[in-house]
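K.L.:
Sequence:
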Amino acid sequence: RITAFADSLLDGLKGLEEWPEKVRLMQENWIGRSEGLRFFFDIVGSKKRVEVYTTRPDTIFGASFLAIAPDHPLAGKLAESDPELAAFIAECQRIGTSEAALETAEKKGFRTPLEVQHPFDEGRTLPVFVANFVLMEYGTGAIFGCPAHDQRDLEFARKYSLPVLPVVIPEDADPAAFEIDAEAYTGPGRLAHSGFLDGLDSAQAKEAVIRRAESEGWGERAVNYRLRDWGVSRQRYWGTPIPVIHCPACGVVPVPRKDLPVRLPEDISFDRPGNPLAHHPTWKHVRCPACGGSAERETDTLDTFVDSAWYFLRFTAPKAAQPIDSAAARYWMPVDRYIGGVEHAILHLLYARFFTRALKACGHVEIEEPFRGLFTQGMVTHMSYRDEEGKWVFPHLVEERDDGTLIRRDSGLKVTPVRVESMSKSKKNVVDPDDIIEHYGADTARWFMLSDSPPERDCVWTEAGIEGAWRFTQRLWRLVTGALDCLPPPESAIPDSLDSDNRDLRRIVHRTIRDVGTDIEALRLNRAVARIHELANAIAGVDLPRIAGAVYREALETLVRLTAPMMPHIAEELWARLGHADMLAEQAWPAFDPALVAEERVTIAVQVGGKLRETIEIEKDADREAVEAAARASEKVARALASRPVRKVIVVPNRIVNFVV
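Final position of the sequence shown in my numbering is 1137; the numbers increase by one with none missing.
Quick caveat, the hints were computed from the structure, so don't treat them as lab data. Among the hints, a few may not be true.
Straight-line Cα separation of at most 30 Å, DSSO-like style, residue types lysine-lysine; simulated pairs [stated by the list, open to error]:
| id | residue 1 | residue 2 |
| --- | --- | --- |
| 1 | K553 | K584 |
| 2 | K583 | K524 |
| 3 | K498 | K1124 |
| 4 | K635 | K583 |
| 5 | K524 | K498 |
| 6 | K795 | K836 |
| 7 | K523 | K584 |
| 8 | K1112 | K1087 |
| 9 | K1096 | K1112 |
| 10 | K836 | K498 |
| 11 | K553 | K583 |
| 12 | K553 | K524 |
| 13 | K836 | K734 |
| 14 | K867 | K903 |
Using the sequences and the hints given, assemble the complete structure.
P.N.:
What follows is the structure, encoded as structure tokens:
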């Protein structure tokens, strides 16, 4: 059960320092650990009680109703003698109990004849409702509603004309005059209209209520989780068969090991609604392994998340006889970097973390966290369009007129841009990759997507963007092929003595090798692309007759090699044209020369009397006299020193010079 690992899953998030903060926060909220009070309301006129869990015991004096889930045992008992309540419960069940369904459904309740006694006010009772927004799976399946300080409770109270009693009052408000209008007050404040809690802040009041409940024996401090246990069965064909057999005589019987794996039938039909495996005429009918009598296979299959929750462990030893090779898992795991969409942040990634912990508990692995680093890439987006009839329009059918208005090419109808959003077939804001590759090539498309924005952000697909990438592709080709006739053979030695132009080009080349390598390792791919653009500009801007042939070859070969991860096909072609027999893909990543990337000039701050007057650029490790002379040569420094005797000059190498006056 995943709930058995709730604390471990929550605590483990703190150690996932290479995960995006937003993903860790999403999992933390999904697990939803909360601390509160579990206590009982006594039912008026009965010896029975209703157990409630709340995270806001400080608002107990503001309670105006109690609500129970439609599938709460008390609701079921009441429905046995109340047809209207039974019909209401049936309606709730049709809507479903998923959070998504409840979030969009209208908040409804059914008032029962029951009332409960307020635990602190003997003169107050609260009506009991069956409400469609209360979940049996969370807490106890019953809540008390405090409309003044919970928006959902407020809407419910307004609908059913229930009292709204503010008990947490903002610091600057008058308790006697403070009222709730359209919005519940959920901020901090001090308690009022709350008996022994008056004057306390919310945190103090919460503790006071819990202490009193525990001392009087009608409640206790409790920890609750939003996380629910995972129901893994699905009524569909595509899934791993659940290896059990249902026998009328023996009950549930596991499939014998010799008959594993259970294989799905291939002659399946999808022409009827419902579970296709249950409709298969023969597959489900088998003999019971225990008694030999007629029995049926389980026709539900496992949720596909079950498979994706541990596949990475199989990758460590794909040919092992056992599902998991513990020695291989010990050697390879955890995964250094996992790249995937943020849509997997909760379910798949949380289930994988759960499975790894469960497998550790069973002795199959020694780790708890399967993925050390996580990178969530963005989506490819595009502007969506609608015509004047309200129909979505494919981008390639949109034409811009000279006056800037947009029309449909096929009908002439006016077109309006809607918004930039994730590409969707339903909204037709898609581009055909076959057309893009045929016209521009896969390398150009890849180059554009990597250059547009950081990979963790969405990439906005535009014609202007792909055209820009195409121009660089052409420029790269011309830059390399246009110099082939003037280059020396591959592996030509670089002269020992070089002038400043050649040294400057080599410094740019080797700094680019260093920076692009660092950017790629950090997945700053758009920055790597930008640096390659800068290198191409530097190469194109040199005075070619002044550059040694071997230095120019080094620059062009480096440009091609750095481009290869993004544009592998063009890079291979250019590598071959540069005279290499071996493939570029077989070469090591270029290494930079540390001596060439070292900074030769530094910026130094110049102070006069401790105040900054100027910054100057000077040769690195220049001697004291050169630093002082360069500083005095500044007009700003000279004006600051005019007619003021210098008592002392302090020089901190490569950092600062201070004239003490």
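K.L.:
Any of the earlier hints contradicted here, and which numbers?
P.N.:
Failing hints, ascending: 3 and 5.
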